[in-house]
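Chemist: Line by line, the protein sequences are chains Y and S. Here my numbering is used: position 89 in the first sequence is 89, and no number is missing along the way. Here my numbering is used: position 305 in the second sequence is 305, and no number is missing along the way.
Read the hints as simulated data drawn from the structure, not as lab findings. Where is the CB? At the ideal position from N, CA and C, for every residue including glycine. It cannot be assumed that every hint is accurate.
Reference excerpt, derived from the structure (chain S facing chain Y, CB under 8 Å, subset only) [unchecked claim]:
#1 Leu79
#2 Glu82
#3 Arg368
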Amino acid sequence: MKMRNGQRKKQQGGTQTLDTMRRGEHCRILGIDDDRARGQAIRFGMGEGALLSCITKVPAGPLVMRSGRQEIAIGRQLAQRIRIEHLDPQGSC
Amino acid sequence: MATCHTPTPTRADAAAPAAARTIVLAGNPNVGKSVVFAALTGTYVDVSNFPGTTVEIFRGRRGELEIIDTPGVYGVGSLNDEEAVARDVILTADTVVNIVDAVHPERDLFLTLQLIDMGLPMIVALNMADEARKQGVAIDRDLLEDLLGVPVVEMVAVKGEGVDELLARLPEARPGHADPALDADVLPLAARIGSRAEAILVLEGDPVIAERHGIEPHASADCVYTARRARVNDMVGHVLTTTTEGAGLGAHVSYLMMHPLTGLPMLGALLWLMYKVLGEWVAGDVVGFTEGTLMNGYYEPFMRGLVSKVFAAGSAGYTFLAGEFGVVTMTVTYLLGVILPLVAGFYLLMALLEDSGYLPRIAALADRSLTSLGLNGRAVIPLILGLGCVTMGTLTTRILGSKRERFIATALMAIAVPCSAQIAVISALMARVGGWYALGYFAALLAIFVAVGTVLNKLTPGVSTDLLIDLPPLRVPRMGNVLRKSSTKVYHFMKEVAVFFLAGAALISVLDITGALTWVQTVAQPLTVGWLHLPKEAATAFVMGFVRRDFGAAGFFTMNLSSAQLLVAMVTITLFVPCVASVMVILKERGWRYLAGLLVTSVSGAFLVGGLLTRLLEVLR
Numbered sequence: 001m002k003m004r005n006g007q008r009k010k011q012q013g014g015t016q017t018l019d020t021m022r023r024g025e026h027c028r029i030l031g032i033d034d035d036r037a038r039g040q041a042i043r044f045g046m047g048e049g050a051l052l053s054c055i056t057k058v059p060a061g062p063l064v065m066r067s068g069r070q071e072i073a074i075g076r077q078l079a080q081r082i083r084i085e086h087l088d089p090q091g092s093c
Numbered sequence: 001m002a003t004c005h006t007p008t009p010t011r012a013d014a015a016a017p018a019a020a021r022t023i024v025l026a027g028n029p030n031v032g033k034s035v036v037f038a039a040l041t042g043t044y045v046d047v048s049n050f051p052g053t054t055v056e057i058f059r060g061r062r063g064e065l066e067i068i069d070t071p072g073v074y075g076v077g078s079l080n081d082e083e084a085v086a087r088d089v090i091l092t093a094d095t096v097v098n099i100v101d102a103v104h105p106e107r108d109l110f111l112t113l114q115l116i117d118m119g120l121p122m123i124v125a126l127n128m129a130d131e132a133r134k135q136g137v138a139i140d141r142d143l144l145e146d147l148l149g150v151p152v153v154e155m156v157a158v159k160g161e162g163v164d165e166l167l168a169r170l171p172e173a174r175p176g177h178a179d180p181a182l183d184a185d186v187l188p189l190a191a192r193i194g195s196r197a198e199a200i201l202v203l204e205g206d207p208v209i210a211e212r213h214g215i216e217p218h219a220s221a222d223c224v225y226t227a228r229r230a231r232v233n234d235m236v237g238h239v240l241t242t243t244t245e246g247a248g249l250g251a252h253v254s255y256l257m258m259h260p261l262t263g264l265p266m267l268g269a270l271l272w273l274m275y276k277v278l279g280e281w282v283a284g285d286v287v288g289f290t291e292g293t294l295m296n297g298y299y300e301p302f303m304r305g306l307v308s309k310v311f312a313a314g315s316a317g318y319t320f321l322a323g324e325f326g327v328v329t330m331t332v333t334y335l336l337g338v339i340l341p342l343v344a345g346f347y348l349l350m351a352l353l354e355d356s357g358y359l360p361r362i363a364a365l366a367d368r369s370l371t372s373l374g375l376n377g378r379a380v381i382p383l384i385l386g387l388g389c390v391t392m393g394t395l396t397t398r399i400l401g402s403k404r405e406r407f408i409a410t411a412l413m414a415i416a417v418p419c420s421a422q423i424a425v426i427s428a429l430m431a432r433v434g435g436w437y438a439l440g441y442f443a444a445l446l447a448i449f450v451a452v453g454t455v456l457n458k459l460t461p462g463v464s465t466d467l468l469i470d471l472p473p474l475r476v477p478r479m480g481n482v483l484r485k486s487s488t489k490v491y492h493f494m495k496e497v498a499v500f501f502l503a504g505a506a507l508i509s510v511l512d513i514t515g516a517l518t519w520v521q522t523v524a525q526p527l528t529v530g531w532l533h534l535p536k537e538a539a540t541a542f543v544m545g546f547v548r549r550d551f552g553a554a555g556f557f558t559m560n561l562s563s564a565q566l567l568v569a570m571v572t573i574t575l576f577v578p579c580v581a582s583v584m585v586i587l588k589e590r591g592w593r594y595l596a597g598l599l600v601t602s603v604s605g606a607f608l609v610g611g612l613l614t615r616l617l618e619v620l621r
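Assemble the whole structure, with the sequences as input and the hints as a guide.
Modeler: Set out below in C-alpha cells:
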C-alpha cells in the first residue's frame, strides 16, 4: 500500500473513507455504512470488495468512480460513509 | 426465520386482459427497452400509471402475446417505486425478455442473474450490439448462453435488427442456471409460499413481498447480493473481451462537464441557449402564434359566439364559461396556446440532455451547491423543469429520494423560480429599464433562492439522501428516443394537470361573479400603494398573477412605472404565490398544511422583500 502523504484522515482500525481518494487512485470497498445506498451500490457493481478507480473528484463535490467500464457519481457526504482500502495501482487490476 | 403464520392472500390481480401469454420486458434504465417494445408492438398501445404509484407502464400486443414494458431498474425489490412496479409486473410474467446493454454487461447482468435466481422463464436480448462492437467490446454469446442457461439473442433495436430472432426464439425461453447455493434457503420457502420468484425476494429482504405472505423478510440481502455480484464479475471475466480502452475524447469532455471551472461556463452557455430557444423563441414567437393568432384570434371568438347563444353576454353563466377567466375560453387558450408549447419545449430539451448523458453530469456538477440547500444533484431535474412550468417542476419532485427533499424543492420553486411564461413577459418589461435593473432582478431572485434553501435546510426535519447516480457514456442523442420519451411525458403532464387549470379558472370565475375579486383588490390597496409605492391597479395584477403568472407580470405593462417601481413589482410578483394550477398540484402532492404554510410564507415574504427593496432603491437614489 502506498501513502503519498500523511494528511489523509485515519479512520478506526486504519481503514479510510472514499472521500480521501484522489484522481487516478485505486481502492477496494470494505463497507458502506448507509442501508439505502448499499443496495443501490451493489446493483451498480460497487458493493463490498469491489475494486474502483477514481476518475474525477469535483472540488468539494461528488467523486466519480469507475468499476470496469461503469461510472458512478457519489456525493461527498456518502463517500465519507464508505470504508475503503487504498490499493497500489500495480497490485490491483 | 419468522414464526409460522397462515399465508395471507396475495394482492388481487389487476384486471389483466385475457392473452395467450404475457411477455414482460425488463432491463436497466437507458438500455433501449422502449425501442424494443416499440419494435415488438409497433406502437404504444396503452399507457397507464401502475395502481397506487406515479410510475408508467406500457402495454401492447403482438398477435396472441400481451407485451408489457417495465420501468428501467438495476435490480428488482423495494428500493424505490420503479423497482416495486417492475417487480410486481415481472411476477405476472409468463416469459421475461431481459434487455441487456451489450456495452455494459457488468452492470446489467446483476438484474439478469436476479431474474434467473427467481426461476422465471427468460430470454436475454443483448441490445446495442453495434455500439458494443464500435467500442471494442466483444461478448461471447454462445458462452453467455451456456453460463446463463437461457437463450441469448443479439439486437440492434433502433435498426430493427434481431427482432425476428427474438420472436423466433421466444418459445425457447426457460428458467436459467440459478445459484445452487441459494437452494437450501429458497426451496423450503418456495414450497411454503408457492413461488420461487417471491421466495427469492423474501430471502433478499423485500418487506412488501414478505408481508404479502405474512412472514418476516430475511436479513440476508447483503449476502445474496454480494454473492450475485461475484458471479456477475466472474461471468463477465469469461465472456467479455475489450480491445480498446473506453477512455478518450468522451472521458475528457465528461471531466470538463463536471469540473466547476469548465462545467459552470458550459452550464451557463446551456442556460443561455435555453433562454434563447425556450424563453424567447418558444415563449415569444411560438406562443405568440398559438395563443395570439390561433386561440385568441379564432378559437375564443368562436366559443364566445357559441356560449352567447345560450347565456346572455354579462350573465353569470356567460362570465363563468366565456368571461375574462372563462372555463371554455381562457383556460383552453392557456392550456393549448401557452402551456402545451412550453412544456413540450422543456420536455424535449430534458430528453435531449438525458439521452446525451449530459444531465447526470450537470447533477454531479450542481451537487455541491444543492447539498447546502438540503438537496442533492438530482434536484437539477425538477428545478430546470420548474423554469419551464412550476407545475411541471413540482410534479417532477417525485423523483427525489426523500420527503424532506420534495418538501424543500417544492417550496423553492413555488417561491423563487419564475416560470418561462413569466420570464418571457418579465424580459420584455426589463428591456425597457436597462441592464442594471434586469441584473438586479436576477441577483435578487438568486439571493432569495439561496436564502430560502439555506433556511429550509436548517429547519426541515429528517435527512436528505446523497447523490448516487450512474453516469452513462456521452453520445449523440438518438432522435427517435428523444421524441418518444418527450411526447409521452407531455401527454401525461397535460392529462394530469388539465383538470387543475380548469378547476382554478372555475374558482377565479366564481370569485369574480360573487364580487370577491373586487373586494380582494380593494383590501390589498393599502399594501400595494402604501407599502410598495405602486399604483393602486397593482393589486389587480397580483390577483391576476394567481390565475396566470404571466398575466400578473403583463398587468404592469400599462401602468407607466418608473424603473425602480418596475423592479420592485417584478421581484414581488415572482415571489408571490404560484399560479392556481401549481397551488392545486402542491395541495395534491404535499397536502393542505404544507400549502397553507407555503402561501402564508410566500405572500408575506413577497411583500416584505418588495417593501424593503423599495426603500433600498429610494435610499440609493
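Chemist: So, for every hint listed, does it hold in this structure?
Modeler: Now the hints, each set against the structure:
For S:Leu79, the shortest C-beta to C-beta distance to chain Y is roughly 5 Å, which falls under 8 Å, so the interface hint holds. For S:Glu82, the interface hint is violated, the least distance from its beta-carbon to any beta-carbon of chain Y being 12 Å, above 8 Å. Given hint, S:Arg368 at the interface with chain Y, holds; its Cβ is 4 Å from that chain's nearest Cβ, closer than 8 Å.
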